[in-house]
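K.L.:
Okay, here's what each chain looks like letter by letter:
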Amino acid sequence: METDQFIRTLAADTAHRAPPVGFVLSLGLIAAAPVSVAIFVLGLGVRPDIMTAMQNPFFDLKFAVALGLAISAIAIGLHLSRPEASLRGWPWLLLIPAGLLVGGIAGEMMMPQRLPMMTRLMGTNSRICLTAIPLMSLPLLAGALVGLRHGAPTRPAITGAIAGLLSAGLSATLYASHCSDDSPLFVATWYTISTGLVAAIGAAVGAKILRF
Amino acid sequence: MRKREDEWTDLMRSAISGDSAAYHRLLKAVTPVLRAAARRGLSRAGQPADQFEDIVQDVLLAVHLKRHTWDVNAPFAPWLFAIARNKLIDSLRRRGRRVFVDIDDFAETLPSQPVAAAPAAGEVALQLESLPPRQREVLQSIAVESVSIKDTAAKLAMSEGAVRVALHRALASLTAKLRGE
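From first to last, the protein sequence lines are chains Y and E. In this text, residue positions in the first sequence follow the working numbering: the first is 1, and each later residue adds one. In this text, residue positions in the second sequence follow the working numbering: the first is 1001, and each later residue adds one.
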């Protein structure tokens, strides 16, 4: 086909309007959320002493860290869905959740503790944490990838990894209300490993499906 | 250079708000630049440079289908060149080369020598054949026979809306096919 004809054809399709990437990403996450919540409700549930736990600032910190990660990753993901996006500056957003966590660890260090550091780090729930966070994040990861695919990311693997962070952040927010380990040391270790795993899956899948 | 790019940005803004004449002018205006860049990229990668028209059409299609990712408050040229660069790398990769394309390939291309259209761009025409019949008829009518949407609708006994939908679907599925999916 001649390029002139082709251009005329594209111009004939001007009326078609695609929704913005943010909208499609929201739809993807909203569609996936019930699946993750169902896994949570059926498999885990909220911890029984949640009312007392909420008095503990380290319990609340888990939500701040997880949500902070999810929100930063959403912002970075939307940025990377534009083809000309540069990486400069944006990854610093991830320092928000990391900084909260470091602050939490420092805070805990300054308080008198009943349990030794290693015991707090190992916790009681690490295996469930390593399974539940990735498992609940998979539907959200799929939703996030569908949303970002609507964009035009020129760094598919990195964008996929960000989709992984985003979904792990949301999934960890759910998981935090089940998890009885509140030490920031536990969060920094096991939540981070789980999140890294999901990010790696996101990068591998993203490298394949986020090309345009 | 700056003036030209500002003009592109203005045209794209009009295009996004539905002005198809502005859109047509914009695509016409960027095509020679894309052509020069594609040809240079191919020859730099040691590939036969005569396939550049396929890359140009590939870029134009991506520009069209991803134009919602352009921020109307941002300049158009960096967005365009990012897409073109991505498509060039992609197409060289599909030809089995691992190449790094310099962004400068796109920045300073125009004034040197305008590149004429290559005689045939085979890929798009080839994939046309494998579309579902309705989409193919619509694309055939509008692209090859230059019939307007309105007249195409009359000719194929479809509503104008249905013609628009079929046209858009045909263009969208061309991308998947060109990528060999």
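Among the hints, a few may not be true.
[Claimed, not checked] Derived lysine to aspartate or glutamate pairs resembling EDC-like cross-links, with alpha carbons at most 20 Å apart:
no., chain 1, residue 1, chain 2, residue 2
1, E, Lys1177, E, Asp1090
2, Y, Lys208, E, Asp1090
3, E, Lys1150, E, Glu1007
4, E, Lys1177, Y, Asp182
5, E, Lys1177, E, Glu1129
6, E, Lys1028, E, Glu1005
7, E, Lys1150, E, Glu1137
8, E, Lys1177, E, Glu1137
9, E, Lys1028, E, Glu1007
10, E, Lys1177, E, Glu1160
11, E, Lys1028, Y, Asp13
12, E, Lys1150, E, Glu1129
13, E, Lys1150, Y, Glu108
14, E, Lys1150, E, Glu1160
15, E, Lys1155, E, Glu1145
16, E, Lys1028, Y, Asp60
17, E, Lys1155, Y, Asp13
18, E, Lys1028, Y, Asp4
19, E, Lys1028, E, Glu1160
20, E, Lys1177, Y, Asp49
If you're looking for bench data, these hints aren't it; they were derived computationally from the structure.
K.L.:
The structure should be examined with respect to each hint, and the outcome stated for every one.
P.N.:
Verification of the supplied hints:
A distance of roughly 14 Å separates the Cα atoms of Lys1177 of chain E and Asp1090 of chain E; the hinted pair therefore holds under the 20 Å criterion. A C-alpha spacing of about 12 Å is found between Lys208 of chain Y and Asp1090 of chain E, which places the hinted pair at or below 20 Å, so the restraint holds. A C-alpha spacing of about 30 Å is found between Lys1150 of chain E and Glu1007 of chain E, which places the hinted pair above 20 Å, so the restraint is violated. Using a Cα cut-off of 20 Å, the hinted pair Lys1177 of chain E and Asp182 of chain Y is violated, with the two alpha carbons roughly 51 Å apart.
The hinted pair formed by Lys1177 of chain E and Glu1129 of chain E meets the criterion: a straight-line CA distance of about 11 Å does not exceed 20 Å. For the given pair, Lys1028 of chain E sits about 14 Å from Glu1005 of chain E by alpha-carbon distance, which is consistent with the 20 Å threshold. With a C-alpha separation of about 14 Å, the suggested pairing of Lys1150 of chain E with Glu1137 of chain E holds against the 20 Å cut-off. About 17 Å separates the Cα atoms of Lys1177 of chain E and Glu1137 of chain E, which keeps this hinted pair within 20 Å; it holds.
With a CA separation close to 13 Å, the supplied pair Lys1028 of chain E and Glu1007 of chain E stays within the 20 Å bound. Distance hint between Lys1177 of chain E and Glu1160 of chain E is unfulfilled; the C-alpha atoms sit about 26 Å from each other, more than 20 Å. The suggested pairing of Lys1028 of chain E with Asp13 of chain Y holds, with an alpha-carbon distance near 15 Å, which does not exceed 20 Å. Taken as a hint, the Lys1150 of chain E and Glu1129 of chain E pair is broken in the structure, with Cα atoms around 23 Å apart against an allowance of 20 Å.
Distance restraint check for Lys1150 of chain E and Glu108 of chain Y: the Cα-Cα separation of roughly 71 Å exceeds the 20 Å cut-off, and the hinted pair is therefore not satisfied. Taken as a hint, the Lys1150 of chain E and Glu1160 of chain E pair is honoured in the structure, with Cα atoms around 6 Å apart against an allowance of 20 Å. At roughly 12 Å between alpha-carbon atoms, Lys1155 of chain E and Glu1145 of chain E fall within 20 Å of each other, so this suggested pair holds. Distance restraint check for Lys1028 of chain E and Asp60 of chain Y: the Cα-Cα separation of roughly 57 Å exceeds the 20 Å cut-off, and the hinted pair is therefore not satisfied.
Between Lys1155 of chain E and Asp13 of chain Y the CA atoms are separated by roughly 18 Å; this keeps the pair inside 20 Å, and the hint holds. Distance restraint check for Lys1028 of chain E and Asp4 of chain Y: the Cα-Cα separation of roughly 8 Å lies within the 20 Å cut-off, and the hinted pair is therefore satisfied. A C-alpha spacing of about 25 Å is found between Lys1028 of chain E and Glu1160 of chain E, which places the hinted pair above 20 Å, so the restraint is violated. This hinted pair does not check out: Lys1177 of chain E and Asp49 of chain Y have alpha carbons roughly 56 Å apart, beyond 20 Å.
Hints 3, 4, 10, 12, 13, 16, 19, 20 from the earlier list are contradicted by this structure; the remaining hints agree with it.
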